[in-house]
Structures are given as structure tokens and as C-alpha cells.
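Start counting at 1 in the sequence shown, then tack on 89, and there's your number in my numbering.
With a cut-off of at most 30 Å between alpha-carbon atoms, the simulated DSS-like pairs for lysine-lysine come out as follows:
1) K102 x K273
2) K95 x K117
3) K273 x K117
4) K102 x K117
5) K95 x K273
Distance windows between CB atoms, simulated:
6) Q247 x A106: 43 to 53 Å
7) D92 x A225: 45 to 55 Å
8) Y254 x G178: 16 to 26 Å
9) R228 x D276: 29 to 39 Å
10) E107 x H261: 41 to 51 Å
11) D92 x W221: 51 to 61 Å
12) D108 x A290: 44 to 54 Å
13) R143 x Y275: 30 to 40 Å
14) T93 x A290: 44 to 54 Å
15) E107 x R272: 26 to 36 Å
16) T93 x Y214: 47 to 57 Å
None of these hints come from the bench; they were simulated from the model.
Since the structure is predicted, the reported quantities are computational estimates derived from the model, not experimental observations.
Note that the Cβ used here is the ideal one computed from N, Cα and C, for glycine as well.
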Amino acid sequence: MADTPKVGFTRMKDGTAEDYALLHELEKPYLALTADRVLDELRRQGDATLEGYRITRMTHGLQSATRAERDGADIDWIVGALLHDIGDGLAPQNHDRFSAEVIRAFVRWDVAWVVEHHGIFQMLYYAHHYGWDRNARDRFRDHPCFDSCAEFCERWDQSSFDPDYDTLPLEHFEPMLREVFARKAYDPDVIREGYVSPLTAG
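The task is simple: from the sequences and hints, build the whole structure.
Written out as C-alpha cells, the structure reads:
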């Protein structure tokens, strides 16, 4: 098997059009495997407990997505619920922003915004026990996605730590995840900047 061709430069500023055309082509198979890498990370979270909680990190995501689907949410909200904590492994202190960046190029902007800010909205349920401001989310009170984030947390995030809940398996959500990550990145028809979608069909 022939070696993969290489660019000629050692500094990016010295690259030629041909170098960057080569990199563009070589990147395509890697980009096509994004969904596989995300699925692998979810599976790794199945081996990692939420320390002190009664379920794993993966189960929390699956349970959130299961609740979203059963509430009649569309595919963007379901995948957002599934992956809202995908950043926990590498960025536990800012996992919400990390998770949002994983999905931002492939889902509606409001879904990405909610995932990015769900951490501060979740503080409503526990921050007072640490002497913190449980209403820190109020700084976003005038944002058009405020109500969506509050509802996301109430319906799907804070309630999804139940080991007895009938949670759907990862295999159920895999086709949805693959469909979302197969989209053209940052497609304006997908992102729909400024549009605030309902969380449920009802």
C-alpha cells in the first residue's frame, strides 16, 4: 500500500494551493467518521459513572434523549439532549460549551445555544446547597432562547438520573445521530439563525 502523500511545507504560511487542495481531499474521510467518534465517546461514558450518581454518563444522555423523543421533540432536540454532556470527559469544568461545539455545525442554532448554556440553567436545582446563586441564569432572561433552555433542563436534563426509567438504548438513537452528523456543516437551512423552535410538537 502506497504511503499517503504529504504536503511540502513545514510552516503553514509556506503552503501552496496544491498543498491545501491535497489536505482538503485527505480530510474528507476523517470528517465522514465524525459520527463514529462521537458514538465511541458515548460508549466510553457508559464505562464512567457520574461520581455519586446512580447511573452512568451515557445513561444520563440516553435518558434525556428518550424523554425528548417521548415528548415529541424533533431530531435536533433529541440529538442535542443525547449529546448535551458529551464534553464531560475532556472538559468537565466547561462541558456545556464543549458539548455545544461538538454539535454546533450540524443542528439549529437554538439547540446549540441551549446545550451551551444548560450548565448555568441547571444551577437552579442545586446551587443554593453550595451557597451559590441558583438564579445565575437570569443574566440571560432577555435572550430569545431563555425559555427553551429552562424547559430543556426541567423536562429532560434534571429529571434524567433515574436508574428505573425505561431508557432507550444507544442503538435506537444511532441512526438519528448519524443523520445529523451527515449534514453539510453550517448549512444555513439547518442552522436557521434567529429561529427559536418549539421543544415539542404539542
